Amino acid sequence: MASIAASSSTSLLARPRQLVIAANQVKCFSYGRRSYLSFNLRQLPTRLTVSCAAKPETVEKVCAVVRKQLSLKEEDEVTAATKFLALGADSLDTVEIVMGLEEEFGIEMAEEKAQSIATVEQAAELIEELLLEKAK
Amino acid sequence: MRISVISQLQRSFSMEFPSLVSLKLPSPMETHLWYIRPDEVKIPSLLKHYSQLLSPSEIDKVSQLRGDQLKKNALLARTLVRTTIARYQTNNAVDPRSLMFKKNTYGKPEVDWQNYKNCNIPPLHFNISHTDSLIACGVTVHVPVGIDVEDKERKIKHDVLAFAERFYSADEVKFLSTIPDPESQRKEFIKLWTLKEAYVKALGKGFSAAPFNTFTIQSKAGTKGEYNLCKTSEMTTSSLEKTNNCNGEWKFSLLELADSHYAAICIEDDQASGGAPMRVIVRKTIPFVEDELISESILL
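The listed protein sequences correspond, in order, to chains A and B.
Heads up: the first sequence runs through residues 1 to 136, numbered per the UniProt record's numbering.
Heads up: the second sequence runs through residues 1 to 300, numbered per the UniProt record's numbering.
If we strip away everything but chain A, and leave its shape as in the complex, we get:
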């Protein structure tokens, strides 16, 4: 059973958000033993983008599986950011959700990865990763 509060007895580790830093081309010049780095000044500042987003359709399908597994009511809100624990899901629920997702998307999740997903978004991202792998 997952424990809900602070000292959770089930380790559902949140995956760190991926940061994608869009850096511009860096040109290196060498002169003797010294090298110079030159930035293309016109394109500063560097852009920071957060790589998130599984596709909305994936997120929606995940929400549907979660709703079904936890027998949620219409008015219970489930979004990408929703944590399974906050909805009262325990470890058995999480594993059933994983089974439901595997059936829905035709994939197989490694158990350790499956146990570590804590939000709808993490599940959706993992699913898309696996679908990409499958397509190769």
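Think of the hints as simulated: they come from the structure by calculation, not from any bench.
One should not assume that every hint holds.
[As the list claims (entries may be wrong)] Ranges between beta-carbon positions, derived for each pair: (1) B/A272 <-> A/E133: 46 to 54 Å; (2) B/C246 <-> A/A53: 44 to 52 Å; (3) A/K73 <-> B/C246: 43 to 51 Å.
Quick caveat, the model's predicted, so the values are computed rather than measured.
The beta carbon of each residue, even a glycine, is placed where N, CA and C say it ideally should be.
Given the structure of chain A, go ahead and fit chain B onto it with the hints provided.
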């Protein structure tokens, strides 16, 4: 045996809450299993008193949960842990509010005794588990403990055998598939789930250290309530040659609690007990109010 500290009538009025009654430590190879039934704890002033024991981060976590029942159960879980551990500090009165907790490298919660360095602190281990209708805390000395409770009537949304084939070991699937009655099969599935969860939680290294399909738990022939843990070796590809490593490092106990739940307990064997089964002392409690000794053991 019931120890009622204050009467039912007195509780409905605002009053000073008594200090916690101290407890005798578990003996080696003994687990103390404490549980609360949330539906028996309704008095607002008592719940308010409980909420004053929690740390700010615990309060924060409770507030993030959806719905009153989840919030209340989370509050009761933290209260159970804090008050129970505080009560075992027989040499020094420990304020449950002052207990600090930390997580081991893998995320398993444990007590942080940094503020009690000069005191004679017994090496207590604990683990909690809860369902909608029951919250349990297991306590041992010297050895790690893991517990898991499940509602006996819990319905599995998937086909039980399909679930087992996906997540359990081959031997466990074999065992489950020999059970003709679907209802008994579901019950055995749940019992196995609690035993396997209890082991992973006792191990305290996260699920990746012990994926469910790499070990088998089965009842020890000729005993009641004793179980064996066998790890499947992945060395060979042929299932006929798979060796099962069944050593006695871990002890299990499976009980029925309150007629409604299965509870599995797993503790590390200290090797000094000569193979004797685990003793379990079960008590139902309402912190600051009463304890009820249920029985020495109700083994399955």
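Cross-check of the supplied hints:
1. B/A272 <-> A/E133: 46 to 54 Å: holds (49 Å)
2. B/C246 <-> A/A53: 44 to 52 Å: Check passed, 47 Å falls within 44 to 52 Å.
3. A/K73 <-> B/C246: 43 to 51 Å: holds (46 Å)
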